[in-house]
Structures are given as structure tokens and as C-alpha cells.
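Enquirer: Spelled out from the first residue to the last, the chains are:
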Amino acid sequence: MKIQQMAFMLVALMIFFGMVALIYFAINLSNLESQVNRLQDQEAQELVRKLSGTPEFIFTSSTDCSSCIDMDKVERIADPITGLIDKYENLWNIDYLMVECIYTSKASGCSPEVEVIKKTDQLSTKTAFVTLAQWDDDIKSFRYDLGKIHASIREVE
Amino acid sequence: MKKRAQEEMVGFVIVMLVVAVIFLVFLSVYIRSNKGSQPTESIEISQFLDSIVETTSICSFDDEFTFLSIGDLIRECQKEPIRKCTNIPSTPTPDESEVCMVLASELEKSIEDSWNFGVDSPETGYRFLASFDSGIGASTNILNSPVSKPCGANVQIGADKPVFTPNGKIIISLTIC
Chain A
1 MKIQQMAFML VALMIFFGMV ALIYFAINLS NLESQVNRLQ DQEAQELVRK
51 LSGTPEFIFT SSTDCSSCID MDKVERIADP ITGLIDKYEN LWNIDYLMVE
101 CIYTSKASGC SPEVEVIKKT DQLSTKTAFV TLAQWDDDIK SFRYDLGKIH
151 ASIREVE
Chain B
158 MKKRAQEEMV GFVIVMLVVA VIFLVFLSVY IRSNKGSQPT ESIEISQFLD
208 SIVETTSICS FDDEFTFLSI GDLIRECQKE PIRKCTNIPS TPTPDESEVC
258 MVLASELEKS IEDSWNFGVD SPETGYRFLA SFDSGIGAST NILNSPVSKP
308 CGANVQIGAD KPVFTPNGKI IISLTIC
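Protein sequence lines, in the order shown, are assigned to chains A and B. Note that the first sequence covers residues 1 to 157 in our numbering. Note that the second sequence covers residues 158 to 334 in our numbering.
If we strip away everything but chain A, and leave its shape as in the complex, we get (with noise of 0.2 Å):
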């Protein structure tokens, strides 16, 4: 007899256990998924702020500005003449590449955006802030204004 009721007992807590278990499990698999998505967001934000950090965009001007991008870099590799996007297009290995101005104190406004390597395709892009960085006749200095880089890394085939 007791050791029907022992068995009871063990089953019985077995099960408890089991079932707090299962529930504390469950919690978690559900933040899991969602915790994945906001790291892969980040990374990708991350890589698309490094681009701003190669030679071939950094504003050197100024030593105190890691987020700078110099504009005047941006818009010469842009431009079709000098034929440079096709040697970088396959060295960043990157589908899509545009800078916007976002906001300017500048009276006029914001400058346009400039389509580094032009969209193809429908591509899901990423987004960094950064601060763009040109030269400003009007008050004979480097002007910054509040800017975003948009990116679309190649996917591995």
C-alpha cells in the first residue's frame, strides 16, 4: 500500500515538474524567434555603418567624426563618368547602395539623394544613420547634416 502511495506521489510530481517545464520552455521559444529577427537587424545595421568607415566613403577631414561620410567622395564614385562603381560594384559585394540627406539646417533644404549602385531588383534593404559631411560655399566651411545609407548586401546563391 505504501508503495502504491509512494508511486503516486513520484508520478504525480513527475508530471508537475513536466508541465512547469513545458510552460517555462514555451515563454522562451517564443521570445526566441523574436530576439533571432532583432540580431539579424542589427547586424545588418552594423554592416551597413561600416561602410562608412572605408576609405572610399570616410570624411577625413575632420578627425572626430566616426560617423561622417564625406559626400563629395560619395558623389564622385556615383557619377557615371568616372566609371569607378563598376570596380567597387563586385569589391563591396553589395546589390544596392543610396545616401539621403534626412535633415539639413540649411535653408534651401536637403540636398538629393545620390544612387551609388542603382536598384535592379525589389531587394529588402538596411538602413544606418550617418552624418553627411560636404563643403559649403555659402558659410566657407564643411557643412554636416543628418543622413541615412541605405544597403542591400548580396545574398550567397
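Hints in this document: simulated from the structure, not taken from any laboratory. A portion of the hints provided could be inaccurate.
[Said to hold, decoys possible] Cβ pair distances, simulated, as ranges: (1) Glu198(B) with Glu75(A): 28 to 36 Å; (2) Val186(B) with Asn37(A): 24 to 32 Å; (3) Ser262(B) with Pro55(A): 34 to 42 Å; (4) Met9(A) with Ser330(B): 48 to 56 Å; (5) Phe17(A) with Cys308(B): 36 to 44 Å.
Cβ coordinates follow ideal geometry from the N, Cα and C atoms, glycine included.
Given chain A, put chain B in place with the hints provided.
Expert: Below, chain B alone, put in the same frame as chain A:
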């Protein structure tokens, strides 16, 4: 024999109740830690703050010979809040040419140009805070007028960044919800 069995049943029920209470306490602690008041750290907002402090503002102290960056404007707002930008005409109270007013206006415009806030948008509101920490005593808010838009019950994401001054640091933080 029957009484003893009943006692054992009562004992078992008590043990189950104790375990259930412990489980509930753990569960509530876990849920509270996930839904705390602290917003989730966002790389996007962190990048925004890095970029906005470098951005050129409309404020000049030398009749448009040089313009201050937003980062400089934050430092000036902490150091001398009533100092006026010489290139902006003064207005009756609140004076739109004061550095803190210019700062609040520039921040508001740049944040609203960077995200689409609205009822149909994933982002409904924001809150920008700048507090000075001298290292002694409590930190103080440097912006007199709030730079914010009411939030709904959305998930909050945010980031902060230190702006260093000779006598301490100013922590700027932006929360989007």
C-alpha cells in the same frame, strides 16, 4: 489507516501548493524583468544619436561666420542656457534665439524627419532627455521645454550617449515608442 491516508493526502496538497506558489513568484519576476520600464537598446537610435551630435545647427555666435554643431549646442545649453544665437532674431518669452530653445527646436525637427510618427505607423511617439551629471549629486535635466510626443502602449526602444563637457558629462537619451 483511513485517517493516516487522509493526512498524507493533505500533506501532498500542501506540498503542491507551496511548489505552485514558488513557481508563480518566479513567473511574475520573469515577466516583470521582461516588461520593465527600461526600453530595449536600439542600434538604430544609437546611430542616430552619434550622427545628430555632429550635425550643423542654425545657431551662430559670430554672425554666421561659424555655426555650432548640435553637440556644441547641448554643451552651451548646459553651460549658459540664456545665451542667444546672434543670427536668430529675439522674440518675446519664450525667446526663440536662446540656445536651449534652438536646441529643442532642432532636435524636434530632426527626430520627426527621421521617423514617421502617427497612429498608422509602428512609431507613435518619442521622448528626448538630456541630463547633466557632474559626478557629485543627482543629475539635472538641461532642457526646459520637453522634446517629446505622447507614446501609446507600444514597445519602447531607445539608446543613450554621453556628451562630455569640461566639468562633467551630459547624457542624451532618445526613446521611441
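Enquirer: Each hint should be assessed against the structure and marked as holding or not.
Expert: Outcome of the hint check:
Taking the beta carbon of each, Glu198(B) and Glu75(A) are about 34 Å apart, inside 28 to 36 Å as hinted. A C-beta distance of roughly 26 Å is found between Val186(B) and Asn37(A), which places it inside the suggested range of 24 to 32 Å. Remark: the range hint 34 to 42 Å for Ser262(B) to Pro55(A) is upheld by a beta-carbon distance near 36 Å. Checking the proposed 48 to 56 Å range against Met9(A) and Ser330(B) shows it holds: the Cβ atoms sit about 54 Å from each other.
Against the hinted window of 36 to 44 Å, the Cβ-Cβ separation of Phe17(A) and Cys308(B) comes to about 41 Å, which satisfies the hint.
Comparing the model with each numbered hint stated earlier shows that all of them hold.
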